[in-house]
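K.L.:
Below are the chains, spelled out letter by letter.
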Amino acid sequence: MYGLIAGDPGTVALALSLLMWVVFGILAIIYFVVRNNRVRRTDVYLSGEPESIVNKLSPSPANLYWGFLKKFAHGLYKQLRDKVHTGNLQDWVNFMAGWYGLLLILAIIVGIIYLLKW
Amino acid sequence: MFEWVMLAISILVFPGILFLISLALFTQWYYRKLSGRLQNRMGPTYVGPAGLLQPLMDLWKLIHVKEMAVNKYSLPSLAQFFGLLGISALITSLLLFPLSPYHVTGPYDFLVFIYLVSLWVPLSMLIMSLSMPGPYTSTGVSRLLTFITLIEPSFFAALLAPVALASARTGIPYSVLEASKNAIYCWTNPLLLPIMILSLIAAIVVLQAKAMFQPFNIPEAEQEIIAGYETEFSGPLLGLASLMHDMDIVVTAIAITYLILGGPYPFPHLSVPGIILLIVKYMAVVTVATIIKNAFGRYRIEQALNTIFKYALIPAIVALILAMIYLYA
Chain Z
4 MYGLIAGDPG TVALALSLLM WVVFGILAII YFVVRNNRVR RTDVYLSGEP
54 ESIVNKLSPS PANLYWGFLK KFAHGLYKQL RDKVHTGNLQ DWVNFMAGWY
104 GLLLILAIIV GIIYLLKW
Chain S
45 MFEWVMLAIS ILVFPGILFL ISLALFTQWY YRKLSGRLQN RMGPTYVGPA
95 GLLQPLMDLW KLIHVKEMAV NKYSLPSLAQ FFGLLGISAL ITSLLLFPLS
145 PYHVTGPYDF LVFIYLVSLW VPLSMLIMSL SMPGPYTSTG VSRLLTFITL
195 IEPSFFAALL APVALASART GIPYSVLEAS KNAIYCWTNP LLLPIMILSL
245 IAAIVVLQAK AMFQPFNIPE AEQEIIAGYE TEFSGPLLGL ASLMHDMDIV
295 VTAIAITYLI LGGPYPFPHL SVPGIILLIV KYMAVVTVAT IIKNAFGRYR
345 IEQALNTIFK YALIPAIVAL ILAMIYLYA
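Chains as they are written, first to last, in our numbering: chain Z, 4 to 121; chain S, 45 to 373.
One should not assume that every hint holds.
[To be verified] Footprint (simulated), chain S over chain Z, 3 or more residues, beta carbon under 8 Å:
id: 1; stretch: 6-12
id: 2; stretch: 21-35
id: 3; stretch: 38-46
id: 4; stretch: 70-84
By construction, these hints were calculated from the structure, which means they are not laboratory data.
C-beta atoms are modelled at their ideal positions from N, C-alpha and C, and glycine is treated no differently.
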């Protein structure tokens, strides 16, 4: 068998990253030899409308996760907004104390199990 | 000296540049032809026997003949740089599989595979798109990013369970090479069978979503948002994007074929039954994806995410938990 048998994943990552750049170099040479170099200047595609019909050419980066936050994880988003970000500090303290309390109880249970096993 | 020759062959010919490009074009022909037949159309017909060379002709025409259309906001050099980089990551990732005559292997190299395929490829695709901005592109990128938040963790978890099980007792844990060689034996163990089935279901859903086949084609949503993240691509750049998309499908299908279905094993690669078994498994994976593509319409973004969550992420996590219980309990 030919190849590199590494003792750790770091060496594999390094070797493959280097090989990736070698492949990139070869591909770049092939691509720039065969590609058509002609470039045509045009406007942004807006279904035939002028650029003036849009306020911003590119929506805000905040909207990039719109589908995830507002649609898919809507329930979670609503909970966070209505239960935590109510503007009342007491709600926030209750939320955080609840979670930290749960984590503390879990840590104690895991600690007891770990100690009993030993 | 011979090692370097094998490395050069692995990079340039098999399974590197030449083979992966050929397989990507063949896979594109196959899913287009099968989709055509399922929809009572001809599919690719004119170039080559049964239209087999049509994808090659399309690619050649885009790269060599068509001009690139750019606007004043475009950064075509950056887009081309990342297009080539994404393709390079996909080609390099195949050196981890037993398919390659020159292997790169080591413990936990599965993480390196994920690094190449789940980091560089989506990142390249996103930067390519954002380098050619426009309102339709931004909408497509937003949907693509939203998809990636679920697809890539699902892909990782779906493959991690079989990799952990198959490479556990080999001395090289979480190795793609060892997992590929031993995955087939997990199917014969009745305790591991449910885990493998769950991983397979999750991986097929992930392949569907990564390929952006129906019902998960909302990021490109043809006619609704023109071509989504690909709207401003043209000429050579569109050729690169299309090639990267097809190569991504091929590498994902190869990962499923080897890491879950066990590749050609228990037969060796260079044997007739081994080659036939490998081809049958690969074609079966692509065929299932194509049939699902033609059986569904497009889901809305939240429907698509819910489906990925229910049928990819949850089965993959359950499979992973069961695999960890089996290994460490």
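K.L.:
Decide, hint by hint, whether the structure agrees.
P.N.:
Here's how the hints hold up against the structure:
1. 6-12: holds (count 7)
2. 21-35: Satisfied; 11 residues make the cut.
3. 38-46: holds (count 8)
4. 70-84: holds (count 5)
In this structure, every one of the numbered hints holds.
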